[in-house]
Amino acid sequence: MKLVIRNGRVVDPKNKIDKKADVLIENGKIVKIGESSKFRPGDVTRSTITIDAAGKVVTPGLIDMHTHLREPGREDEETIASGTRAAAQGGFTSICCMPNTQPVIDSVSGVKFILTTASQEGVVNVYPVGSITKGREGEELAEIGKMRIAGVVGISDDGKPVMNAQIMRRALEYAKMFNLPVISHCEDLNLSMGGVMNEGFTSTVLGLKGIPRQAEEIMVARDIALAELTEGKLHLAHITTRRSVELIRQAKKRIKVTCETAPHYFSLSEEDVRGYDTNTKINPPLRTKDDMEALCEGLADGTIDCIASDHAPHLDVEKDLEYNMAPFGIIGLETVLPLILTNLVGKKILSLNQAIEKLTVNPANILGLEKGSLSIGSDADLTIIDLNLKKKIGNEFTSQSKNSPFVGMELQGFPVATIVGGKVVVNYLP
Amino acid sequence: MRLKNKDLLGLEYLDKEEINLILETAKPFKELFTRSVKKVPPLRGKTVVLLFYEPSTRTRISFELAAKRLSADVLNISASTSSVAKGESLIDTAKTLEAMKADFVVIRHSMAGAPQILARTISASIVNAGDGTHEHPTQGLLDMFTIWEKKGKLSGLKVGIVGDILHSRVARSNIWGLNKMGAKVYVVGPATLIPPRIEQMGVKIFYDLDEIIDELDVINILRIQIERQKENLFPSLREYNEIFGITDERLKRAKEDLMVMHPGPMNRGIEISSSVAEGSRSVITEQVTNGIAVRMAVLYLLAGGDSRGVKR
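Line by line, the protein sequences give chains S and F. Under this note's numbering, the first residue of the first sequence carries the number 94, and numbering increases by one thereafter. Under this note's numbering, the first residue of the second sequence carries the number -17, and numbering increases by one thereafter.
These aren't lab readings, by the way, just hints derived from the structure by calculation. Given the structure is predicted, the values throughout are model-derived calculations rather than measurements. Fair warning: there could be bad hints in the mix.
Calculated lysine-lysine pairs in the BS3-like style (CA-CA distance at most 30 Å, straight line) [stated by the list, open to error]:
no., chain 1, residue 1, chain 2, residue 2
1, S, K495, F, K68
2, S, K412, F, K83
3, S, K495, S, K109
4, S, K302, F, K68
5, F, K186, S, K302
6, F, K162, F, K12
Here are some chain F residues the structure puts well away from chain S; computed CB gaps all over 12 Å [unchecked claim]:
no., residue
7, K12
8, I73
9, T78
10, M93
11, L139
12, L148
13, R154
14, P172
15, R179
16, E213
17, N223
18, V270
In this text, a Cβ means the ideal position worked out from N, Cα and C, and glycines have one as well.
Using the sequences and the hints, build the whole thing.
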C-alpha cells in the first residue's frame, strides 16, 4: 500500500529538513522525500492514496513521553483504546504510559498486558514505562532488567518520588546497564505534604495549603548529585520552577541529564487557581509568572529537552469537588500541540523546528526509540499540522475524561492528520 | 446604595463603600435589640438555609437569629445529620437547595473555596460563614463594626492580630477589610504560623508583641489550636503562652484605651488570660451582639435592600 503526502512544508529536525516536499510512504515505511517531479515513474500510481498537505506542515509523528492511560485499574477514566485515540487526535503517534496504574506496572506481566492490549486496541505506538520500585512503594527495586527485556523504555515511580536517596542511587546505577532512563518525579514529600497549590502570596490569599518550590528543587538537586555519582541516565519529569531550570542548566555542563516540562506550566500560573477551579490542581502545581518565563528561557536555550503532556484523566465526579478534595492532574494529549504553537512558536520563543524537536527527536533519543524522524526507511509515523487553524477548545474530547483548564481558550495551530505506520488514523484534510 | 454582588464570599471582593454601607446598615439593626419586639419584616417569605459542614455554635446561632429577626424562614442543615453524611457532594447538595428555592445559603465549610463553588452553581445568594483558612467575612465585618462603634473611626487606627495567622480565616478577612478602611494592620505570631508573603496583603509582621504593644489601638487575639503542636508548628502550649499569650502584665505598656478582641471560642490561659478576657478593655461579648446586627445588615442588603429602607 502506498501513500503520498503532497505539497506540505516538511519539517524534520533530526535530518535538518525544512522545505516544501512530497513524502512517499510504502508498506508502512518512508521511502522518498522530495519534489514529486523527481519521483520515478511508478512511484505514484492510481492506487496510491494522496493527501494534499498544501499550506500545512508535515512533521515526524509526535512522541509524548509522559501519559497516564489509567488502564489497568481505572478504565472509567481512560483506557488504552481511548487514550491512544486521544493521542492520535492530538497529533501523537507514540506515547509512553506511566506505571501508576492499579496494579502498578512493576513486573513483566504488567508490561505484557500493556503491550498486548495496545497492539489489539491502540491506534498509536505505546511504550510502557515500568516502575522503579515494587508497587511504587520506594522500598525495593522492581525487576528492572526483566521489564527491559519485556519492552519498557524507561522506569519511573511517577506520581511519587523515590524518597530514599540510597534506593534512587541503586536505581540509577542498575538501570544504567540497560541504558534505561530513570524518570524522576521531583518532590520532597515531607515539604509538599497536604499542599494543593504553589506556596506564595496566592496560596495565602486563597487559604489553600502551599507546596513550596523547594520541594521540587531539592529533589532536582539531589537527583543531579546522584546522577553525577552513578553516571546513570537521569530524566527529570515535569520541571516547573526557575531554580530547577538553573540547576539543570548548570548540571548539563558536567553530566548527561535531560528533562521535560508540560504545556500548562508555561501557559498558566498560580493566578489561575483563583476561583478554585479544580482543573488548575496539578502536581507539581502551577507556579508564578516568573517561573513561566524561566521555563520559556530553558526551552529556548535547550536546557529543557522535551515537552510532554502529563495527560492525567479524571472524571467530572472526581474533579467537581472542593479544591482540597479533588485529585491532582489534567488531560493534555489533545491540547499540547496547539498550546506549544500558540504560546511558544506564536510568541517567537521557539522556532517551529525547535518546537518539533522537543516533540520528536529529543524524546526518541532519551528513550532510545527509532522514531522521531522522517529518515528514509523509518516507520511512517507522521503528523500534519495546520499552523493557521484557529479554534476555541471545546468541551468535546476524544479522551474519556474532560478535566482540562483550557476549555474555552482560543488557540492557533492544530494537528489535522495523524499517520501511524503508514496508516491514516486521523484526517481532517479534504 | 446597594451591594454590587449577589454573594458575600469574602472581604477581598468588597470595596470601601460597600463595607461602609454594611456598617451603617448594621447600626439601626443593633438598636432594634433594645426593643421588646426585636423582629422586622424585610425578609418575610424568604428562605435562609444554614449549611454547616463544620461544627459552629456562635456563628450559626448568630446567623439564625439575624435571619429570624428579619422574618425569614430558616433551615438548618448540618453535615453530620444530612445526606452529606451519606456522601453527597457539595454540588449535588447545592442543586437540591436550588430546587427547593432557597433564597440564601449561608455556608460554613472546612475547605477554602467551597462558597465559590456554590456561588457559581446556584442562583441563591451565598454568604460565606467561614471557609477553611480562606475568609470569614461576617466576622471581619463585625470586628470592624465593633471597632468603628467604639472608636468612631477605622482610618488611621493600628490593629494588631496575634496568633495563628496561617490557619486563620478571621485574620484574612480582617486584613482585607481593615486595609480597605484605612487602618494599619500588624500581624504577630510564631514565624511558623505566619503565612508566606502575607506582607503583600499590606501588613507588617512582628514576632515580638512587646515591640509594638504600646502603639496599638486594637488587639485581636486568635484562637490557637492544640492540633497545630502535632504538626511541629510550635513546641508546646506553655511556650506559646509565655511568648504570645496576652496577660495583664503584657498589657501594662499598652495604651489606656486599647481594645481587646477575640473571635472565640477562647482558650483561656493559653492565648488570653481570663483576667484580660473579662477585663475592662475586653469587648468580646459585645462582638457577639454586634455579630447579629452585622449579619442582619448583610442579609438585608444582599436581598436587595438599600441604606434608606431601614427604619430607625
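Hinted pair, alpha-carbon criterion (30 Å max): S/K495, F/K68. Please report holds or violated.
OK: S/K495 and F/K68 at ~26 Å, within 30 Å.
The output says F/M93 does not contact chain S. Does that hold with a beta carbon cutoff of 12 Å?
violated (4 Å)
Regarding the pair S/K412 and F/K83, is the alpha-carbon distance no greater than 30 Å?
holds (26 Å)
Taking the minimum C-beta separation from F/E213 to chain S, is that value above 12 Å?
violated (9 Å)
Claimed clearance of chain S by F/K12, with the beta carbon kept past 12 Å:
Consistent with the label, F/K12 stays out of reach of chain S, its closest Cβ about 29 Å off (over 12 Å).
Minimum C-beta separation from F/L139 to chain S exceeding 12 Å: can you confirm that?
For F/L139, whose nearest Cβ neighbour in chain S is about 23 Å away, the distance exceeds 12 Å, so it holds.
Far enough from chain S: is every CB of that chain over 12 Å from the CB of F/R179?
For F/R179, whose nearest Cβ neighbour in chain S is about 4 Å away, the distance does not exceed 12 Å, so it is violated.
Going by Cβ atoms, does F/I73 stay more than 12 Å from chain S at every point?
Not fine: 5 Å to the nearest Cβ puts F/I73 too close to chain S.
Assertion that F/R154 lies outside the chain S interface [Cβ separation over 12 Å]
The claim is violated: F/R154 sits with its nearest Cβ about 6 Å from chain S, within 12 Å.
Exclusion check [F/L148 not at the chain S interface, CB over 12 Å]
violated (8 Å)
Check whether the Cα positions of S/K302 and F/K68 lie no farther apart than 30 Å.
holds (27 Å)
Holds or violated: F/K186 to S/K302, with C-alpha atoms at most 30 Å apart
holds (21 Å)
Hints 3, 8, 10, 12, 13, 15 and 16 from the list above are not met by this structure, while the remaining hints are.
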